[in-house]
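A.B. asks: Here is how the chains run, residue by residue.
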Amino acid sequence: MAIKDLFQKELKVVNIGLESFKESLDQCRAPSVQVDWRPPLAMDAAVIGAVRAASETIARANAQAVAKVLAARPYLIGLEKALDAVPGMKKNLLLHAGPPVTWERMCGPMRGAVMGALIYEGLAKTPEEAGKLAQSGAVEFAPCHEHSAVGPMAGIISPSMPVFVLKNEENGNLGYCTLNEGLGKVLRYGAYGPEVVKKLKWMETVLYPALKKAVAKLGKVDLKNIIAQALHMGDEVHNRNRAATSLFYRAVAPAIVRTAPDAETAAQVLEFINGNDHFFLNLSMPASKVSLDAARGVASSSLVVAMARNGTDFGIQLSGTGDEWFTGPAPVPDALFFAGFTKKDANPDIGDSAITETNGLGGFAIAASPAIVQFVGGNAADAVNYTRRMYEISLAESASYQIPALDFRGSPTGIDAIKVVEKGIFPVIDTGVAHREPGVGQVGAGILNAPAEPFQKALAGLAKKLGRNQ
Amino acid sequence: MVVKGMVKPGAYFDSVTLMQAARELSGRPGVSDAAVVMATAENKAILKSSGMLLPEFNAAGDADLLIAVQAADEKAAALALAEAEPLLRGSRKRTGQDAAFSPKSLESALQVLQDANLAVISVAGRYAGEVAMDALQKGLHVMIFSDNIPLETEIELKKFAQGRGLLVMGPDCGTAIINGVPLAFANAVSRGEIGIVAAAGTGLQEVSSIISNEGAGVSQAIGTGGRDVKKEVGGIMFLEGLRALAEDESTKVIVLISKPPHESVIQKLGAAVKALRKPVVAMFLGADVDAVAACGMTAAGTLEEAALLAVALAKGESADAARQKLRSHDAELDRGAAQEAGRFAPGQKYLRGLFSGGTFCGEAQVIFRGLLQEVYSNAPLAPAQALADAWKSQGHTVVDLGEDAFTVGRPHPMIDFSLRNRRIQDEAKDPETAVILLDVVLGYGSNLDPAGELAPAIQAARQTAAAGRRHLAFVCSVTGTEKDPQVRSKVEAALKAAGAIILPTNAAAARFAGRIVKELAEKAGLRR
Numbered sequence: 013m014a015i016k017d018l019f020q021k022e023l024k025v026v027n028i029g030l031e032s033f034k035e036s037l038d039q040c041r042a043p044s045v046q047v048d049w050r051p052p053l054a055m056d057a058a059v060i061g062a063v064r065a066a067s068e069t070i071a072r073a074n075a076q077a078v079a080k081v082l083a084a085r086p087y088l089i090g091l092e093k094a095l096d097a098v099p100g101m102k103k104n105l106l107l108h109a110g111p112p113v114t115w116e117r118m119c120g121p122m123r124g125a126v127m128g129a130l131i132y133e134g135l136a137k138t139p140e141e142a143g144k145l146a147q148s149g150a151v152e153f154a155p156c157h158e159h160s161a162v163g164p165m166a167g168i169i170s171p172s173m174p175v176f177v178l179k180n181e182e183n184g185n186l187g188y189c190t191l192n193e194g195l196g197k198v199l200r201y202g203a204y205g206p207e208v209v210k211k212l213k214w215m216e217t218v219l220y221p222a223l224k225k226a227v228a229k230l231g232k233v234d235l236k237n238i239i240a241q242a243l244h245m246g247d248e249v250h251n252r253n254r255a256a257t258s259l260f261y262r263a264v265a266p267a268i269v270r271t272a273p274d275a276e277t278a279a280q281v282l283e284f285i286n287g288n289d290h291f292f293l294n295l296s297m298p299a300s301k302v303s304l305d306a307a308r309g310v311a312s313s314s315l316v317v318a319m320a321r322n323g324t325d326f327g328i329q330l331s332g333t334g335d336e337w338f339t340g341p342a343p344v345p346d347a348l349f350f351a352g353f354t355k356k357d358a359n360p361d362i363g364d365s366a367i368t369e370t371n372g373l374g375g376f377a378i379a380a381s382p383a384i385v386q387f388v389g390g391n392a393a394d395a396v397n398y399t400r401r402m403y404e405i406s407l408a409e410s411a412s413y414q415i416p417a418l419d420f421r422g423s424p425t426g427i428d429a430i431k432v433v434e435k436g437i438f439p440v441i442d443t444g445v446a447h448r449e450p451g452v453g454q455v456g457a458g459i460l461n462a463p464a465e466p467f468q469k470a471l472a473g474l475a476k477k478l479g480r481n482q
Numbered sequence: 002m003v004v005k006g007m008v009k010p011g012a013y014f015d016s017v018t019l020m021q022a023a024r025e026l027s028g029r030p031g032v033s034d035a036a037v038v039m040a041t042a043e044n045k046a047i048l049k050s051s052g053m054l055l056p057e058f059n060a061a062g063d064a065d066l067l068i069a070v071q072a073a074d075e076k077a078a079a080l081a082l083a084e085a086e087p088l089l090r091g092s093r094k095r096t097g098q099d100a101a102f103s104p105k106s107l108e109s110a111l112q113v114l115q116d117a118n119l120a121v122i123s124v125a126g127r128y129a130g131e132v133a134m135d136a137l138q139k140g141l142h143v144m145i146f147s148d149n150i151p152l153e154t155e156i157e158l159k160k161f162a163q164g165r166g167l168l169v170m171g172p173d174c175g176t177a178i179i180n181g182v183p184l185a186f187a188n189a190v191s192r193g194e195i196g197i198v199a200a201a202g203t204g205l206q207e208v209s210s211i212i213s214n215e216g217a218g219v220s221q222a223i224g225t226g227g228r229d230v231k232k233e234v235g236g237i238m239f240l241e242g243l244r245a246l247a248e249d250e251s252t253k254v255i256v257l258i259s260k261p262p263h264e265s266v267i268q269k270l271g272a273a274v275k276a277l278r279k280p281v282v283a284m285f286l287g288a289d290v291d292a293v294a295a296c297g298m299t300a301a302g303t304l305e306e307a308a309l310l311a312v313a314l315a316k317g318e319s320a321d322a323a324r325q326k327l328r329s330h331d332a333e334l335d336r337g338a339a340q341e342a343g344r345f346a347p348g349q350k351y352l353r354g355l356f357s358g359g360t361f362c363g364e365a366q367v368i369f370r371g372l373l374q375e376v377y378s379n380a381p382l383a384p385a386q387a388l389a390d391a392w393k394s395q396g397h398t399v400v401d402l403g404e405d406a407f408t409v410g411r412p413h414p415m416i417d418f419s420l421r422n423r424r425i426q427d428e429a430k431d432p433e434t435a436v437i438l439l440d441v442v443l444g445y446g447s448n449l450d451p452a453g454e455l456a457p458a459i460q461a462a463r464q465t466a467a468a469g470r471r472h473l474a475f476v477c478s479v480t481g482t483e484k485d486p487q488v489r490s491k492v493e494a495a496l497k498a499a500g501a502i503i504l505p506t507n508a509a510a511a512r513f514a515g516r517i518v519k520e521l522a523e524k525a526g527l528r529r
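The listed protein sequences correspond, in order, to chains A and B.
Using my numbering, the first residue of the first sequence is number 13, and each one after it goes up by one.
Using my numbering, the first residue of the second sequence is number 2, and each one after it goes up by one.
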C-alpha cells in the first residue's frame, strides 16, 4: 500500500472525538461515522504491556472459552434437597450470593436471609438467637458460585432447601439453584418472619415433591430452548421472566397433573408457578451458570465467567484466573422505586443473578424486552442501544439467543474483561433493589453498570498469571 | 466570594462540551468564574492557580469530572452547580438522538463503515497516541488533531506508518483536505492540480484559499503537524507527503509550507525535490529564501507569494511573471497606505496585530522585517522581540491569540472571539495605537458568524478612538472562499460596513498596516 492509493478512493472517515468535525463531514456529504469515545480505565502500564504482549495467546484462549459458552446445552434434569446434591453442602453451611463475605461485613438483607434460613432449618427459634448463632462462627458461609450454584438476591441456600438440578449436556457439568419464592415478604430480600418460613416449608413439603416427580416423568426440560423462545416473546430472563415462566408451565403442567398425589396438590403447585412471573429466574440463572462453568479454567483467557454481588462487594471471576475473586464495592442501583421508597432505602447491589448478563442475557439482551424499558428511560431505542453497546465488550454473539429488534442478531455473549477496561464500557445489569434493612423486601428495580474496580483488578490478576504461563 | 464544586466520577465529555458548559456557567447571575474539567494533574494545577481547587478535588483522577464555580454567594454558586449537569446532559442528548447509535470504539465503527480509510482523532492528548496506533494497526490513515502528545509517540507512530504506506497527519494537525474533503479546520476550495504539504495549519488554509480564489484548485492538502519538520521527527511525513504528491497524477505543482525545517530536513527535501519533474514551491516562513532556492525549490517569502507562484506554474506561466505582478500590487498597497496615514492624530504611531492564526502572526513579522524597527510578539520570529507580557502590547506588537497562554480552558480564537474583542477595546484606548491588524479565518470548524462577532467590537473601538479625537485604522484580511459556510464576500462586506479596510490576503494586510505606521514614523521624524 502507498499513500497515493488513498487519493484514488472515496474518503471514508471514522471521527473519534469532537463531534463538530463529523457535522462538517456531513455538510460535505463525505461518508463518516462518529465514535462515541470514552477514555480507557486507568491501568498500570505494566499490566497493559503484559496483556498486549500476550494478545494473540489471549485471543486464542478467549475463542476457546467462549465457544464452550455458546455450545452449552443446559437442561433441567431433576430436583433434590441441597444437602443431598450440592457439592460440599453440609449441615452447618449456608451458601450466599456474590463473592465471599463474613457475617460482620454482610449487608442488612443478607443478614436477614441468613437469620431466616437458620430459623427455617430449626437451628434457631428467634431472629435474635439466629443472629447470635451466625456471629458465633458455628455456621460456615460460602459463595453459591463456589458450589456450582447460584442464588438470586441474598441467594441463601441452606441444607434442607430443595434445589433444581441442571446439567450442561454438552460439557457434562451440573448446576444448582433454589426454587423462586415469588414476590412480597421473601427470604431472598432478607425477610425472615413466620410467613416467610411457612412458605419455605410449603415449598419443601408440597411444591418440591410434586415438581420432582413431574420432572422425573418428563426426564428433562430443555432450558436453552425455552430461553431462546422467551427472548422472542419479550423476556430478557432476568427482570422479565413472564414468557419463560409460561413456557415452563406449559412444559410441566401435564406431568404435574399426572404425578401429583391429588388434584388439589396439582392445582396448588400450578397456581404457585402461574402466580409468580419470576419463577423461571431460578432456572435462567443456573442455566447461565452451567453454561459459563464449562468455560472456566482456560489458561490466559480474559472471559468473565461470573459477575456476582453480595450486597457489600461486587465480584468477578475470569476463565484464566482460576477461583480468585476480584472485587470492589457494590454500587447502589439508580432504579425506579416503589411508592414510598427512595434511593436512600436501597441496599447496594446484591445477588448472583448477574450470571444472566455474564451469559449474554438480562441487560445484555434488554433490546428483546420492550415491556421493561421503563427501567432504562422508557424509550425502546434506549433499550436497543444498551444491547448494542454490550457488543463492544463481548467476545461473541449467541447462535441460539436472538434479539428480534436487531433483526434476530445473536445476543452479545461472553464479556471480555480486557475490552471493558480498554473501552471504559461496563456491563449493564438488570436488577431488583432490596431495602437496606433486613425484613423489608424489594423496594424497586432498574439497571446499573458493573463497577470498574473488579475489572481493573482482574486484569492485573490475569497479567500476573500471563507472566507465569510464559 | 465563595467557591463550590463537585466531583462526578467516571463522567466523560469531550473538551468542547466542557468548555461550552463552563462558559454557560460563567455567565450565570452572580457567578464570576466556572470550570468544568477532567481531573487531570494539569487541570488541577489550573484550578489551583485560579483559586478553585477544592480539597475534595485532590483525590479525583483522570477519568473524573470536576465542576467548580466561584460566585458572589452560596446561593448563586448552588444554583449554577445545579445547572451544570443538565447542561452537560443536554449536549449529549442532542448528539445521541433517538434511535441513532454511535459505536463506542474504532473496532465497531469499522463494522458500520467497513471500508473506512481515515481516522480523524481529537481525543485528549494523553489517549490520542493509543487511539492513533490502533487505527494504524487496522490499516487506516490518521489525522491527529489532538496536541500534547509526547514526541517519542509521534516518532513511533510515524515510523510505524511509514513502513506501511500510511499517512500520519499531526499530532496538532488542524487542517487537511483529502480527495476534496475538508477535514477539521479547512476551507471549501476548488479541486485542481496543486498539491500542498503543510506543517502549519492556517498557512495551509491561506494558501489553499488564495489558490481557489485565483481560479485554480487543490488536488490534496496534507497537514503534518508543526513538529514533523524538526530534527527529532526528521520530516518523515513531510517527505512522505511530498512523495505521495509526486506520484499522484492529478498533482502538477507542489507547495510546501512550514516554519523553517531543520537543516537536515531541508537537505532531505532538497534531494527529493531534485529527483522530481514537478515544480515545487516552498514557503518556509522566515527562512533564507536564497538558501531554499539553492535546494531546487521555487522559494516564496509569504503565503500569498507561494499561492500565486503555484497558480502561475500550474498555468504554465513563469515564476518571474508572478513575482512581477505581486510587486506591482505591493506598490499599489503602499500608495493606499500613504493616503491612509494622513488621517491620524499626532502621537498615534503603533501597529497592533491581533491574530487568531499562528502562521499569520509569523507572516506579518516576516513582512515587517524590511519595514519596521522594533516589533514585539508573544511568538517572536527574528528580529522581533518577546513581549514582556502577552496580555499587554508594547510598541509595535503582534500577538498570536492561539498560543497556550490564551487557550487553556477556552475555545480557539477562531471559534471564540471574546478574548480578541476585549483586547481590541484595550488597544483602542491606547492613544499611541494607530492601526489594528486582524485576521479572520473562515471555513469548517471556525465561528459561523465572524462578522457578527467582530463588527460590533470594531465599531465600539472606533467610537472610543473618535471620542479621543483619534482615527483608528482596522486592517483585515479574510481567509476563505465563497463556498465556505460563512461566505467570504458576505463577511468582507459586513466588516467593511463596520469601517474596516479589507485586503485580499494576510500578507497584503500586514504590508498595508506596516506601511501606514512606517509613514507615520517618517512624518513624525520630519516634524521633529
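Just so you know, the hints here were simulated from the structure itself, not pulled from any lab data.
The model shown is predicted, which means the values in this text are computed figures rather than measured ones.
Treat the hints with caution; some may be incorrect.
As the list claims (entries may be wrong) - Interface residues of chain B toward chain A, partial, derived using beta-carbon atoms under 7 Å:
#: 1; residue: ALA61
#: 2; residue: ASP63
#: 3; residue: TYR128
#: 4; residue: LEU240
#: 5; residue: PHE407
#: 6; residue: VAL409
#: 7; residue: PRO457
Unchecked claim - Straight-line C-alpha distance at most 20 Å; calculated SDA-like pairs for lysine to any residue:
#: 8; chain 1: A; residue 1: LYS213; chain 2: A; residue 2: GLN147
#: 9; chain 1: A; residue 1: LYS24; chain 2: B; residue 2: GLN138
#: 10; chain 1: B; residue 1: LYS139; chain 2: A; residue 2: SER67
#: 11; chain 1: A; residue 1: LYS469; chain 2: B; residue 2: ASP65
#: 12; chain 1: A; residue 1: LYS225; chain 2: A; residue 2: ARG270
To be verified - FRET-style restraints, in silico, Cβ to Cβ:
#: 13; chain 1: B; residue 1: ALA42; chain 2: A; residue 2: ALA75; range: 50 to 56 Å
#: 14; chain 1: A; residue 1: ALA392; chain 2: B; residue 2: ALA42; range: 55 to 61 Å
#: 15; chain 1: B; residue 1: PRO261; chain 2: A; residue 2: ALA79; range: 55 to 61 Å
#: 16; chain 1: B; residue 1: GLY164; chain 2: A; residue 2: ALA79; range: 34 to 40 Å
#: 17; chain 1: A; residue 1: GLY246; chain 2: B; residue 2: VAL3; range: 24 to 30 Å
#: 18; chain 1: B; residue 1: SER27; chain 2: A; residue 2: PHE353; range: 54 to 60 Å
Glycine residues also receive a C-beta, built at the ideal position from the N, C-alpha and C atoms.
A.B. asks: All hints, please: hold or fail.
C.D. replies: Tested hints:
1. Interface restraint check for ALA61 (chain B): the shortest CB-CB distance to chain A comes to about 12 Å, outside 7 Å, so the restraint is violated.
2. At a threshold of 7 Å, the smallest CB-CB gap from ASP63 (chain B) to chain A is about 6 Å, leaving the interface hint in force.
3. With its C-beta approaching chain A no nearer than about 5 Å, TYR128 (chain B) sits inside the 7 Å limit, and its interface hint holds.
4. Here the hint on LEU240 (chain B) is broken, as its CB sits about 11 Å from the closest CB of chain A, past 7 Å.
5. Look at PHE407 (chain B): its Cβ only gets to about 19 Å from chain A, farther than 7 Å, so that hint breaks.
6. Proximity of VAL409 (chain B) to chain A is violated relative to the hint, the smallest CB-CB distance being about 17 Å (cut-off 7 Å).
7. With 7 Å as the threshold, the beta carbon of PRO457 (chain B) stays out of range of chain A, its nearest partner Cβ sitting at about 25 Å, so the hint is violated.
8. As the CA atoms of LYS213 (chain A) and GLN147 (chain A) are separated by approximately 25 Å, the hinted pair breaks the 20 Å bound.
9. Distance restraint check for LYS24 (chain A) and GLN138 (chain B): the Cα-Cα separation of roughly 17 Å lies within the 20 Å cut-off, and the hinted pair is therefore satisfied.
10. Simply put, LYS139 (chain B) and SER67 (chain A) have alpha-carbon atoms about 15 Å apart, close enough for the 20 Å limit, and the pair holds.
11. Between LYS469 (chain A) and ASP65 (chain B), the direct Cα distance comes to roughly 19 Å. Compliance with the 20 Å bound is thereby established for this hinted pair.
12. Distance check on the hinted pair: LYS225 (chain A) and ARG270 (chain A) sit about 9 Å apart at the alpha-carbon level, within 20 Å; holds.
13. Between ALA42 (chain B) and ALA75 (chain A), the C-beta spacing of about 40 Å breaks the proposed range 50 to 56 Å.
14. With their beta carbons about 43 Å apart, ALA392 (chain A) and ALA42 (chain B) fall outside the hinted range of 55 to 61 Å.
15. Under the hint 55 to 61 Å, the C-beta atoms of PRO261 (chain B) and ALA79 (chain A), about 59 Å apart, fit the expected range.
16. With their beta carbons about 35 Å apart, GLY164 (chain B) and ALA79 (chain A) fall inside the hinted range of 34 to 40 Å.
17. With their beta carbons about 52 Å apart, GLY246 (chain A) and VAL3 (chain B) fall outside the hinted range of 24 to 30 Å.
18. For SER27 (chain B) and PHE353 (chain A), the Cβ-Cβ distance of about 39 Å falls outside the hinted range of 54 to 60 Å, so the restraint is violated.
Hint violations for this structure: numbers 1, 4, 5, 6, 7, 8, 13, 14, 17, 18, all remaining hints satisfied.
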